[in-house]
Amino acid sequence: MGILLGGLYAVIALGLSLVFGVVREINIAHGDLVILGSYFGYVAMTAIGIDPILSLIGGIPLLFGLGFIIQKYLLNRAFRISLDATLIIAFGISIILQNTYQLIWTPFPQGLTTSYALESFTFGPVRFPLTYLLNFVVALLVMFFLREFLKRTYLGRAIRAAAQDRKAAHLMGIDTDQVYAYTFAIAAAFAAIAGIFLGLTFPFTPISGMAYLIIALGVVVLGGLGSILGTFIGGIAFGLAQTLGGYFLGVAAQMLVAYIMVLVVLAVIPRGIFGR
Amino acid sequence: MSEETLLKVSHIDAFHGSFQALWDVSLAVKAGEIVAIIGANGSGKSTLLDTISGLVHPAKGSIEFGGRDISALESFQIVNLGIAQVPEGRRVFPDLTVLENLIIGSYNRQARSVRGQNLGRVYQLFPVLEQRKTQLAKTLSGGEQQMLALGRGLMSNPKIILLDEMSLGLAPLVVNELYRVLREIRERGITILFVEQNVRRSLIEADRAYIMEAGRIVLSGSAAELREEERVKKAYFGA
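Residue numbers (our numbering), protein chains in the order written: chain A, 1 to 276; chain B, 277 to 515.
In short, the hints are calculated from the structure, not lab data. Don't take each hint at face value.
[Said to hold, decoys possible] Here are the simulated DSSO-like pairs of lysine-lysine, each with C-alpha atoms no more than 30 angstroms apart in a straight line:
1) Lys435/B x Lys414/B
2) Lys72/A x Lys151/A
3) Lys167/A x Lys306/B
4) Lys151/A x Lys167/A
5) Lys509/B x Lys284/B
6) Lys284/B x Lys336/B
7) Lys167/A x Lys336/B
8) Lys336/B x Lys435/B
9) Lys435/B x Lys284/B
10) Lys510/B x Lys306/B
11) Lys151/A x Lys435/B
12) Lys510/B x Lys151/A
13) Lys510/B x Lys167/A
14) Lys306/B x Lys435/B
15) Lys72/A x Lys167/A
16) Lys435/B x Lys167/A
17) Lys306/B x Lys336/B
18) Lys167/A x Lys414/B
19) Lys306/B x Lys284/B
20) Lys409/B x Lys151/A
21) Lys409/B x Lys284/B
22) Lys509/B x Lys167/A
23) Lys435/B x Lys409/B
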């Protein structure tokens with residue numbers, strides 16, 4: 001169960017890891033972008049009556065575009081001042097998003113309650129919610145897509161090149177500002193996907209983003225910076241620690257166990273399991 | 277050799293923060309030439325190449341390429357016009373394979389359509405790169421990395437290639453091989469502007485040379501003239 005839950009954490013953390021690895025920014029607003037994805041699914045479902053997963057046809061381009069604009073017109077400019085400036089801008093975006101959600105959708109928890117969200121299946125002695133399996137499959141698909149994209153396209157290679165050596169990337173004719181904008185846009189599109197599957201699994205509120213940001217940071221620390229496989233393994237390790245902690249020590253201690261694991265990994269292998 | 281001026285740098289000043297690295301620097305390179313910029317460490321050679329490449333913008337003066345003022349353009353636009361720089365320290369992308377490094381070289385628009393053709397040429401010039409195409413660049417030796425850096429520059433389909441300290445830290449045999457390839461590249465009509473600390477070698481390989489000291493060009497002329505110049509002999513050959 002923890003392994004399957006880890007799939008969701010991996011998808012949530014993937015966008016954070018990508019931006020961190022390529023642009024070197026810690027996108028404090030990543031969790032709030034995920035929640036924006038959840039609310040998009042919520043609106044599509046309640047107002048138009050579209051299935052949340054199907055609504056990604058609109059949600060992915062919307063967040064892709066928003067992410068592109070945030071990086072290109074806000075963060076790239078802040079980046080020229082300092083890396084700290086990008087942190088503060090992202091924090092500001094986070095607060096703006098949270099307050100906007102409260103104004104529009106009230107502070108009360110919402111969920112993406114679909115017919116299949118409550119289904120479950122039995123495997124051996126345990127019953128699993130169907131959404132957990134869905135999360136895991138989606139995590140695999142998204143990671144596979146990202147890996148192939150980074151490997152096979154000009155833009156993907158340019159993203160990796162810009163992450164490894166900014167000056168050399170410039171000399172290859174790469175417009176790094178543009179590449180960073182696309183990187184952030186892709187991360188935001190992943191947030192759209194994560195938001196839908198998060199909403200199918202758990203209820204969310206306007207301020208849930210912060211909690212998931214912190215989980216995602218834990219996952220990225222566990223897995224190592226800028227590694228897709230690392231983010232996946234990190235997500236699973238985090239999900240496992242949380243579930244096992246909850247099982248043996250009680251629900252109140254489950255996050256404690258996960259974060260103690262993050263601390264131990266930081267102390268023993270500061271670069272993370274798959275860090276470079 | 278064509279008499280057409282390909283690259284013309286006129287009276288540029290350039291800064292690193294508040295430090296002035298270039299003072300009223302002018303130079304011209306004709307199409308098809310091999311030109312050397314010679315000088316000690318910190319004399320401004322690399323800054324000059326970076327200014328031509330658009331990584332540093334000149335505070336004063338102009339840079340023309342093929343008759344067009346490029347001093348305000350960004351580096352990615354300049355690469356697209358046909359100016360490639362092979363930077364000091366090679367700076368290959370360590371965690372990309374040899375082939376991926378070469379493909380990234382053809383990132384700019386005018387190079388993509390001739391990628392296959394240029395890749396064939398690079399492999400012909402450096403067969404070792406084809407043998408090692410699936411290896412990560414960081415696993416190559418220093419000499420092989422320099423070949424990759426040069427090959428990557430050629431993949432951008434340049435009219436002129438700017439080379440920064442190509443032979444630094446490499447074995448003499450490898451350096452000979454690289455210069456042999458440079459002559460071959462020139463035969464194919466690509467103009468070469470290179471920066472070197474090895475004065476003797478530069479004045480053998482280049483048609484003409486500029487000598488820089490403390491951010492200024494202090495002497496220029498044909499390589500043959502400079503070899504006989506008293507000041508050069510005194511300063512660099514210890515004669």
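Structure-based check of all given hints:
Of the supplied pair hints, the one linking Lys435/B and Lys414/B holds, its CA atoms being roughly 28 angstroms apart against a limit of 30 angstroms. Distance check on the hinted pair: Lys72/A and Lys151/A sit about 24 angstroms apart at the alpha-carbon level, within 30 angstroms; holds. A C-alpha spacing of about 27 angstroms is found between Lys167/A and Lys306/B, which places the hinted pair at or below 30 angstroms, so the restraint holds. Taking the CA atoms of Lys151/A and Lys167/A, the gap is near 21 angstroms; set against the 30 angstroms cutoff, the hint holds.
This hinted pair checks out: Lys509/B and Lys284/B have alpha carbons roughly 28 angstroms apart, not beyond 30 angstroms. As the CA atoms of Lys284/B and Lys336/B are separated by approximately 14 angstroms, the hinted pair is consistent with the 30 angstroms bound. At most 30 angstroms may separate the alpha-carbon atoms for a hinted pair to count; Lys167/A and Lys336/B meet this at roughly 23 angstroms. Between Lys336/B and Lys435/B the CA atoms are separated by roughly 25 angstroms; this keeps the pair inside 30 angstroms, and the hint holds.
For the given pair, Lys435/B sits about 14 angstroms from Lys284/B by alpha-carbon distance, which is consistent with the 30 angstroms threshold. Of the supplied pair hints, the one linking Lys510/B and Lys306/B holds, its CA atoms being roughly 29 angstroms apart against a limit of 30 angstroms. Taking the CA atoms of Lys151/A and Lys435/B, the gap is about 29 angstroms. The hint holds against a cut of 30 angstroms. Between Lys510/B and Lys151/A the alpha-carbon distance is near 54 angstroms, which puts this suggested pair outside the 30 angstroms criterion.
Using a Cα cut-off of 30 angstroms, the hinted pair Lys510/B and Lys167/A is violated, with the two alpha carbons roughly 37 angstroms apart. For a cut-off of 30 angstroms, the pair hint linking Lys306/B to Lys435/B stands: about 11 angstroms separates their Cα positions. Straight-line distance between C-alpha atoms of Lys72/A and Lys167/A comes to about 19 angstroms, which keeps the hinted pair within the 30 angstroms bound. For the hint pairing Lys435/B with Lys167/A, the CA-to-CA distance comes to about 21 angstroms; that is within 30 angstroms, so the pair holds.
Taking the CA atoms of Lys306/B and Lys336/B, the gap is near 23 angstroms; set against the 30 angstroms cutoff, the hint holds. Using a Cα cut-off of 30 angstroms, the hinted pair Lys167/A and Lys414/B holds, with the two alpha carbons roughly 17 angstroms apart. For a cut-off of 30 angstroms, the pair hint linking Lys306/B to Lys284/B stands: about 9 angstroms separates their Cα positions. Note on Lys409/B and Lys151/A: the hinted pairing holds, with a Cα-Cα distance of about 15 angstroms set against a maximum of 30 angstroms.
At most 30 angstroms may separate the alpha-carbon atoms for a hinted pair to count; Lys409/B and Lys284/B exceed this at roughly 37 angstroms. At most 30 angstroms may separate the alpha-carbon atoms for a hinted pair to count; Lys509/B and Lys167/A exceed this at roughly 36 angstroms. Among the hinted pairs, Lys435/B with Lys409/B is consistent with the structure: their alpha-carbon atoms are about 25 angstroms apart, no more than 30 angstroms.
In this structure, the hints that do not hold are numbers 12, 13, 21 and 22, in rising order.
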